[in-house]
Amino acid sequence: MLIETYSKRIKPFFTGFDRTFLLFVVLLIAVGILTLYSASFNLPVRVTDQLRNVLLTFVLMWGIANLSPQILMRLAIPLYTIGISLLIAVAIFGLVRKGAQRWINIGIVIQPSEIMKIAMPLMLAWYYQRRESALRWYDHIAAFALLAIPVGLIAKQPDLGTAVLVFAAGFFVIYLAGLSFKLILPILLAVTIAAGSLIAFEHKICQPQTQWPLLHDYQKHRICTLLDPTTDPLGKGFHTIQAVIAIGSGGIFGKGWLKGTQAHLEFIPERHTDFIFAVYAEEFGLVGSIALLLLYLCLIVRGLYVAANGATLFARLLAGSLTLSFFTYAFVNIGMVVGLLPVVGVPLPFMSYGGTALVTLGIAVGLVLSMGRQKSLIQS
Numbered sequence: 001m002l003i004e005t006y007s008k009r010i011k012p013f014f015t016g017f018d019r020t021f022l023l024f025v026v027l028l029i030a031v032g033i034l035t036l037y038s039a040s041f042n043l044p045v046r047v048t049d050q051l052r053n054v055l056l057t058f059v060l061m062w063g064i065a066n067l068s069p070q071i072l073m074r075l076a077i078p079l080y081t082i083g084i085s086l087l088i089a090v091a092i093f094g095l096v097r098k099g100a101q102r103w104i105n106i107g108i109v110i111q112p113s114e115i116m117k118i119a120m121p122l123m124l125a126w127y128y129q130r131r132e133s134a135l136r137w138y139d140h141i142a143a144f145a146l147l148a149i150p151v152g153l154i155a156k157q158p159d160l161g162t163a164v165l166v167f168a169a170g171f172f173v174i175y176l177a178g179l180s181f182k183l184i185l186p187i188l189l190a191v192t193i194a195a196g197s198l199i200a201f202e203h204k205i206c207q208p209q210t211q212w213p214l215l216h217d218y219q220k221h222r223i224c225t226l227l228d229p230t231t232d233p234l235g236k237g238f239h240t241i242q243a244v245i246a247i248g249s250g251g252i253f254g255k256g257w258l259k260g261t262q263a264h265l266e267f268i269p270e271r272h273t274d275f276i277f278a279v280y281a282e283e284f285g286l287v288g289s290i291a292l293l294l295l296y297l298c299l300i301v302r303g304l305y306v307a308a309n310g311a312t313l314f315a316r317l318l319a320g321s322l323t324l325s326f327f328t329y330a331f332v333n334i335g336m337v338v339g340l341l342p343v344v345g346v347p348l349p350f351m352s353y354g355g356t357a358l359v360t361l362g363i364a365v366g367l368v369l370s371m372g373r374q375k376s377l378i379q380s
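Read in the UniProt record's numbering, the sequence shown has 354 at position 354, and its numbers run on one by one without any break.
It is possible that part of the hints are untrue.
[Claimed, not checked] Per label pair, the in silico range of CB-to-CB distance: (1) Gly107 to Val244: 24 to 34 Å; (2) Ile199 to Leu293: 23 to 33 Å; (3) Ile199 to Lys156: 23 to 33 Å.
[Said to hold, decoys possible] Using 35 Å as the maximum straight-line C-alpha spacing, the simulated DSBU-like pairs for lysine-lysine come out as follows: (4) Lys204 to Lys98; (5) Lys220 to Lys204; (6) Lys220 to Lys236; (7) Lys259 to Lys98; (8) Lys236 to Lys98.
No lab work stands behind these hints: they were computed from the structure. We put the CB at the ideal spot given by N, CA and C, even for glycine.
Turn these sequences into a full structure, and let the hints guide you.
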């Protein structure tokens, strides 16, 4: 009798979640552990650390998923305010490492920009929920202002990768809230023309004596190296060149698990974090890479399904933006590894080694599960 009563009390905390969405997350983490095991052949403790990170992530994921949307809405303003305050503190007296001022010591050393990956979409989803009955065009301007503050502070550190992720998370909320695609199209056209011009006039604009307005020399060098990695094969271009060699050497079916020579001979830099996709592609080939991309696609489609069935505007916007953020993570990381995008230090979601990134992603998954669980509990 006691066991039955206890079971009834516990059961609600484990029901109502979208199991399909959670299954795709678990599969990606499992693939990540297998790939990390191969990438960390010379330092197996990384796998143990990552398993500990996975356990912590699932605990946080479960805890967040059991929070109601009403509680999460009340957390939006405090979390956003704390995040902005910490970013300002970083700009004033943050710790400098490798030329970047991204960290602050508050008893423990933290990177406040990670907070904004969650706080930004949470804040904007709350804002649009409050404005749902009387939404006007200027509300989008106010939303962009809320977004511009943290993105500007993060970009100034400088941390372009995190700035892109925070901007994407906030922008997806604004777009899903009703921003017209007609307003986005001219920007996409301008970016396309700019990218085409860079490619067409690469040999002229990448000369050492050519100065680029509004950009530092290292930013110019990063873009020029992206256009032609062979101009700096032992420097900035080394990562891209070695990653592309690894991916190409994998062929159609790959060399097999634990048999990747580029990784095991230590040619691939950061092979356990930002460039883990190169390790995976070398060992599992084109077929394995397509399977991994399909797994990410399934995760995103299912997440959007959860978002589309959200009980409130807040739930739909938050779940939708976080799901599309997973797409941004994967797109930027894989584009970076194959040489289509600059190397900006964005991890491959659920696969790259690292506790902070995995915990942040786990919290995002918990939020998506919470948004989907709300309607499930109402219907039951």
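**Request:** Please write out, lowest number first, the hints stated earlier that are contradicted by the structure.
**Result:** As far as the earlier hints go, only 1 is violated by this structure.
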